[in-house]
Amino acid sequence: MKSITKQEMASESLQQHRRFLAAVLNTSREPLDAEENALAKAKFYRIIDLYSKRKRDRSKYNRHLLIRYTYEYALSEESRIHFLQTFFQALELSIDGQGRVNLSDKEQANGLWLKISAFADFLVDNFYLPLKAAARRAPLPSLTSQPAVPDLITDPREDCLIRDRHRCIITQAFDFDEAVTRHKEHANDALDDEGKSLFGGNHFLHLEAAPVLPHSLAEIGSSPSEESHTKKLTLAILNIFDHGIQDLINECVGTPRNAMTLTKNYHHMFAEFEIYFTRLDGPTYSPHTYRIEAFVPLAMRKELPATRTLRTVANGKPIALPEPRFLALRRALAHVLYRSSAGTYIDELLTKLKEKPTEENRSTELGLFAQLRLDGWCPSSTTTTANSTAAANTIAAASTTAADTAADTAADTAADTAADTAADTAADTAADTAADTAINAAADGDDGRQ
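So for the sequence shown, the working numbering puts the first residue at 1169; every next one is plus one.
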């Protein structure tokens, strides 16, 4: 087998990135009709299922599950169709049966598996990683003083406290500062927001306004031309996940519609996508009722699961509730991150970026971290211009997950070659033939899953 030089690998990686970029940013596609959608869906599942069985994937997260759940948790049928079209364009496959891949050909099959790996890493690098970095409350090491949140965004804490009766939505703990204020005014006769004795069995904690979606997702204060290349890409992928949500984010960020009152611990868990809200509809539930659940062990979430009904009136006046669409999006993202293990992988990466980089991976880590800073995804503080410039200069070539993909490419190719040489059995040939038949059958209109 012909060896691939680093220059050739870099060139191929760049071309692949451009192809993925074009697929994500393509807004000129015609919508699929019902038959085309069924065909695309069947073909998508066959490809992902075959990948999960064939690929020797050494990634720290499940790439095929990340792609599958990104599709399945997209919030509308329009969004799911948009994702399917993006997926097939990125992999240079067509929905209508053109450009089939012969999976009995080892080179073609391996090429398809590696494209899928690279596409999953592309989604992590340019969507899930920035979102999780932006949602984190704890600041990362500073490389630049770029502001993460525009000045036009206000603090909704006071409005949230009034709306939520000065209580944590989950624990029902009363705000400590407000309790102190009321005690100073009324001593032991102080009342809570419902007119009951404030000191009749309540517990008191400092409460915070937790954003449902990161403020960094807003385009407030800048024109589209001023947004960075990678931030535009992240927002484009977000639009695939929930088509048309950007205008609503711009309208609601910095208001009570994008925040809720939580204790410090639950704010942290919410920011880490470890808890989520599921809206409960139907005649047995009051409007605006949610089931609140978590992925963490029971000992760490004694109050959960819980069912809470949010109120719509405060002091006799209507008040804005947390936007249901934002909570649904947050729930979807939490499930994708958890079920694919991408959340754990990203946590490890962000923790690693907080530590002092080693000489071996300094350029990659600083470049990725600088990109997060420059795009406004992470909180930032002052540092030297030299450090900012040096880090920014590494951005174009730096991507930790891209490095993982390159390593997988070499390792998988070597492993496949060794396996084929040692045991290219009739069973393998039969499996490849069956797989090729299955995937091409989808292209011919068979929309049932096997």
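I should point out that these hints are in silico values taken from the structure, not numbers from a laboratory. Careful, some of the hints might be misleading.
[Said to hold, decoys possible] Quick list of simulated restraints, FRET-style, between CB atoms:
hint, residue 1, residue 2, range
1, R1325, E1260, 45 to 55 Å
2, K1221, N1418, 36 to 46 Å
3, E1198, Q1340, 30 to 40 Å
4, A1190, F1344, 47 to 57 Å
5, N1433, E1203, 27 to 37 Å
All C-beta atoms in this analysis are idealised placements derived from N, C-alpha and C, irrespective of residue type, glycine included.
Numbers of the earlier hints that this structure fails to satisfy, in rising order: 3, 5
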